[in-house]
Amino acid sequence: MSFIEVTGLRKVYRLGQEKVYALKSINLRIEKGEICCILGTSGSGKSTLLNMLAGLEKPTRGDIIINGVNIAKLSERKLAKFRQENTGFIFQAYNLIPQLSSLENVGMPLMFKGWSRRKRDKEAKKMLEAVGLKSRMKHRPNQMSGGQQQRVGIARAFVAKPNVVFADEPTGNLDTKTTADVMELMVKMCREHNLTLILVTHDLDIAKYADRIVHLIDGDIHSDEVNKAVYDPFADKVDDKSKQPAS
Amino acid sequence: MKLFDMIIMCLRNLWRRKGRTLLTVIGVIIGCCAIIVMISLGQGMNAAMDNMLASWGDLNAITIYGNSRYMWVGDSNSNSEDRPSLDEDALEMMKNLDHVETVFPKIEVDSNYVTVTAGKNGRYRASWMEIYGVDFSALEKMGYVPEQGDYPSGDDTLHTLVFGNEAAYQFRDTKKRGQNSYTYKQMLPDGTWSEPFFDPMTESVLIYVNNMKKQNDDGTYQSGGRAYEFKMTTAAVLEQDNDWQTVYSLMIDMDLAKEIINSYNRLNNVKDAKDPEFSQIKLWVDDINNVDAVETILSDLGYNTSSMASQRKSMQGQLGVVQMVLGCLAAISLLVAAIGITNTMIMSIYERTREIGIMKVLGCFISNIRVVFLMEAGMIGLLGGAIGTVISYVISAVMNTLGSDTFANMFGIYTDGSSPISIIPLWLVLLALAFSTVIGLISGFYPANRAVKISALEAIRNE
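Taken in order, these protein sequences are the chains called C and F.
FYI, the numbering used here numbers position 158 of the first sequence as 158, with every residue one higher than the one before it.
Position in the second sequence (first residue = 1) + 247 = the numbering used here.
I should point out that these hints are in silico values taken from the structure, not numbers from a laboratory.
Among the clues, some could well be false.
Below are the EDC-like pairs computed for lysine to aspartate or glutamate, each with C-alpha atoms no more than 16 Å apart in a straight line [claimed, not checked]:
1) F:249 - C:121
2) F:265 - F:547
3) C:113 - F:252
4) C:24 - C:63
5) C:188 - C:211
6) F:700 - C:211
What follows is a set of in silico ranges between Cβ atoms, one per label pair, in the way DEER data are often shown [said to hold, decoys possible]:
7) F:270 - C:17: 17 to 23 Å
8) C:208 - F:614: 30 to 36 Å
9) C:17 - F:586: 27 to 33 Å
10) F:597 - C:175: 29 to 35 Å
11) F:614 - C:67: 22 to 28 Å
12) F:250 - C:122: 16 to 22 Å
13) C:63 - F:614: 38 to 44 Å
14) F:263 - C:230: 27 to 33 Å
15) C:118 - F:533: 27 to 33 Å
16) C:17 - F:578: 38 to 44 Å
The C-beta atom is built at its ideal place from N, Cα and C for all residues, glycine as well.
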């Protein structure tokens, strides 16, 4: 059994009299540790698919089984519990709480799990160190650049040691240079912890970081192929070092 | 989420929009002050009323009247013949009632039956003296305090007499004529009290039974002879107290009173003479709140009862209406404050839509979100209640010092001038705090429900 199994997933919105099929019938299996990119233009249904995978939206029809649990059928409370234990989320607009320091922002998912302040601060500190923001722990989001904010967002997504991390256009608000930094960080963290990452984007440059690219067009899977030339910056760096030690 | 984290989150949210929080809290403060002050005025009125009633008589006492021929005690509706008699059995029954602490029976010797004289050859004479037969040993317990002398004591108190404070002034000097033959108690220009014609503590006093067949020219009666004369010694003159019945009268031993009544009946050949009954029994009840219950039992048995408590009840009823009107006015202001809280909380939901959405996506239970919102609303209520209580104490103190009269007239409140017009008991403080907190929670209920219904998806939309 795959880590994520989606079968016959359909989502229909009603716009007045008209029915809009956001997703027609999606079947998808994603393995543990896989970095999967859902690629598509706006309106292709990619965000809808992600929202349903993350349990933010109920499907019209179909099942979503993550880690053996059919999340389409969970109650609100159990879904919240499921999110606490299994998922991390990275947003395009970072969605940090403006009144909280980055340390507090990162600690939030642990707070919802009922951890004590000291325990979660310790964990959040580790996480911020891992994303290279050790010196920004007391800063508020508006005192940081977009790239820094998104790194706080990444730290927050990974802090609770989830099984799967969802990223919705994580670099949509960032410039090219920062985009590369952030993507590299995300991929590195996933590889380190052997996490599943589901990445939604319309950007082919970003898709190249993924093991697998699912191309969505008008609510249907147009293509689903393994990325033969995975852009793995760390693998490259190891290679670079061995080949050209003094560059 | 830990409770501590929720409290921190709640306080942080309140602090974040402190201006608006402050305004909402002020609303609650005003409402809370209004309620506390209004109720404290009611408490003041009650206290003033109790003071007034206490000055009229003992609040814990019930008086049971016997079959007196005086109509002023009987209620005209029922035939006094139907009443159970106030005899020794009745006294025993009352003694054994629950909550009854003390009983104080009295036998009234009809002022028509006897003449009291004092001085040489009976120079000073009181023809219409009220005489009560009592239990001397209970005098102290009943609150009678001797001004001169001491409580009657010893084995033989049958011929002992206790003077009411102004009883000696009831005697007339038979050697004088017109106005000079009377005296009364008054304050003299030098600040002392006027003296009666004789000093009851030194002069011996004689009580004789009237022979109704031998009338003097002045309308008084002659003695029935030596066998009907009782030579008395005075043990005490009582202090002035609030028992108007005994101020002008004499108290003698219960047994002597019975003997006098029997003697009178014998001397004047009264037909169908019955054994003397108690003219009145006074009961003391352990607690003012039990007076009503005891009185109900007795009046159900057919006794003619009266107590300050029953008067208190009817007065409380009238005051209750005034208090209710005041309370309602105050409640309106708290209602407005409650709407203010709801309004503030709804506003804050609109501002925090995104934040709530993020919390949901990150795995926050909706019950936690609800609790945080309710806490914020409750905190506004509690804060308003606490500050309101402090301010109420200030207002209350100001009203009490600035003079009762001004405010009493302003609000049309009854006051006796001596007790404070505004009283804030501890229970009122606790009630106000609890009430304003509950009001806050109730006001926060609807906004909290709206908050948990916010869709996580809507909240985190990218635009």
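Hint check:
1. F:249 - C:121: It holds: about 15 Å lies between the C-alpha atoms, which stays within 16 Å.
2. F:265 - F:547: Given that 16 Å is the threshold and the Cα spacing comes to 63 Å, the pair is violated.
3. C:113 - F:252: Cα-Cα ~11 Å, so holds.
4. C:24 - C:63: Holds, at about 13 Å.
5. C:188 - C:211: holds, 13 Å
6. F:700 - C:211: Given pair residue 700 of chain F, residue 211 of chain C is violated - Cα atoms ~38 Å apart, limit 16 Å.
7. F:270 - C:17: 17 to 23 Å: With Cβ atoms ~47 Å apart, the hint is violated.
8. C:208 - F:614: 30 to 36 Å: Cβ of residue 208 of chain C to Cβ of residue 614 of chain F: about 43 Å, so the range 30 to 36 Å is violated.
9. C:17 - F:586: 27 to 33 Å: About 40 Å separates the Cβ atoms of residue 17 of chain C and residue 586 of chain F, which means 27 to 33 Å is violated.
10. F:597 - C:175: 29 to 35 Å: holds, 32 Å
11. F:614 - C:67: 22 to 28 Å: holds, 24 Å
12. F:250 - C:122: 16 to 22 Å: About 21 Å separates the Cβ atoms of residue 250 of chain F and residue 122 of chain C, which means 16 to 22 Å holds.
13. C:63 - F:614: 38 to 44 Å: violated, 27 Å
14. F:263 - C:230: 27 to 33 Å: violated, 45 Å
15. C:118 - F:533: 27 to 33 Å: violated, 59 Å
16. C:17 - F:578: 38 to 44 Å: Given about 51 Å between the Cβ atoms, the range is violated.
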